[in-house]
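Please put together the full structure from these sequences, using the hints given.
Using the working numbering, read the sequence shown as starting at 577 and increasing by one per residue.
Worth double-checking, as some hints may not be accurate.
To be verified - Here are the computed lysine to aspartate or glutamate pairs in the EDC-like style, where the Cα-Cα straight-line distance is at most 16 Å:
| no. | residue 1 | residue 2 |
| --- | --- | --- |
| 1 | Lys673 | Asp591 |
| 2 | Lys642 | Glu605 |
| 3 | Lys731 | Glu640 |
| 4 | Lys642 | Asp657 |
| 5 | Lys604 | Glu672 |
| 6 | Lys604 | Asp663 |
| 7 | Lys735 | Asp599 |
| 8 | Lys735 | Glu605 |
| 9 | Lys595 | Glu666 |
| 10 | Lys580 | Glu688 |
| 11 | Lys731 | Asp591 |
| 12 | Lys642 | Asp669 |
| 13 | Lys604 | Asp657 |
| 14 | Lys595 | Asp663 |
| 15 | Lys673 | Asp705 |
| 16 | Lys739 | Asp603 |
| 17 | Lys739 | Asp591 |
| 18 | Lys595 | Glu670 |
| 19 | Lys673 | Asp588 |
| 20 | Lys595 | Glu672 |
| 21 | Lys731 | Asp599 |
| 22 | Lys642 | Glu666 |
| 23 | Lys654 | Asp611 |
| 24 | Lys613 | Asp657 |
None of these hints come from the bench; they were simulated from the model. Remember, predicted model here, so these are calculated numbers, not experimental data.
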Amino acid sequence: MDSKTQLLKQFDLLDRWFKNALDNLSDKETNQRIDPKMNHIKYIAGHLFHTNYVFAQFAGVKAEPKWSDLFAGQGKTKALDNYPYPDINEIIDEWEKLFPQVRAGLSNLSEEILNKEVPSPIAQSGIFDSTIRDLWTFLNYHQAYHIGQIGLLRKGLGKETMKYQ
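Here's what the structure looks like:
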């Protein structure tokens, strides 16, 4: 199996896990922190959604980022309490609108584009280089990491374990 096919399989799995991690959670529950120093589920879900715009950018998908002021990420935004975030179902709905477009764009990336160098902070890690392929690899892990956080937080709220199927 080539690397693009493997990355697409991971990307598809992350779509399933994102929805499974948020299954059976109310909007109110997603705004609760289980510890004051931890992000709430809604912030993490919004951040995961926002990261799809990075995928969209290198996949050649024209998409206007939504809620950047709320979910852009480390050092740019932070979870807020008692803030009028979008409803968790709206975040899920926006994910479901954007995901198929991004997935189609990713599936059409050529080897030439995947090997293209792009400015990237991950290149400084010594683990990844600065190609689109490595950025995609990193972002898949980024998404899995944050979905795992939601899985732990849902347990902290007394919910059942996230399903993988």
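>> Given the hinted pair Lys642 and Glu605, is their Cα-Cα distance within 16 Å?
In response: Measuring from Cα to Cα gives roughly 22 Å; hence the hint is violated.
> Lys595 and Glu666: Cα distance at most 16 Å?
Replying inline: holds (13 Å)
> Can the restraint linking Lys604 and Asp657 be considered satisfied, given a maximum Cα separation of 16 Å?
Replying inline: This hinted pair holds, its Cα atoms lying about 12 Å apart.
> Given the hint that Lys735 pairs with Glu605, does the C-alpha gap stay at or below 16 Å?
Replying inline: OK: Lys735 and Glu605 at ~10 Å, within 16 Å.
>> Need the status of pair Lys673, Asp591: alpha-carbon distance at most 16 Å?
In response: Given pair Lys673, Asp591 holds - Cα atoms ~12 Å apart, limit 16 Å.
>> Next pair to validate is Lys642 with Glu666; report whether the Cα-Cα distance is within 16 Å.
In response: holds (11 Å)
> Holds or violated: are the alpha carbons of Lys604 and Glu672 at most 16 Å from each other?
Replying inline: Answer violated: Lys604 to Glu672 is near 21 Å, above 16 Å.
> Hey, Lys642 versus Asp657, does the alpha-carbon distance stay inside 16 Å?
Replying inline: Violated, at about 20 Å.
> For the pair supplied as a hint, Lys673 and Asp705, is the alpha-carbon distance within the 16 Å limit?
Replying inline: violated (31 Å)
> CA of Lys654 to CA of Asp611, is that 16 Å or under?
Replying inline: holds (15 Å)
> Does the structure keep Lys595 and Glu670 at a Cα separation of 16 Å or less?
Replying inline: Answer holds: Lys595 to Glu670 is near 12 Å, not above 16 Å.
>> Does Asp588 sit within 16 Å of Lys673, going by the straight-line distance between their CA atoms?
In response: Within the cut-off at roughly 14 Å; holds.
Of the numbered hints stated above, those contradicted by the structure are hints 2, 3, 4, 5, 11, 15 and 16, listed in ascending order.
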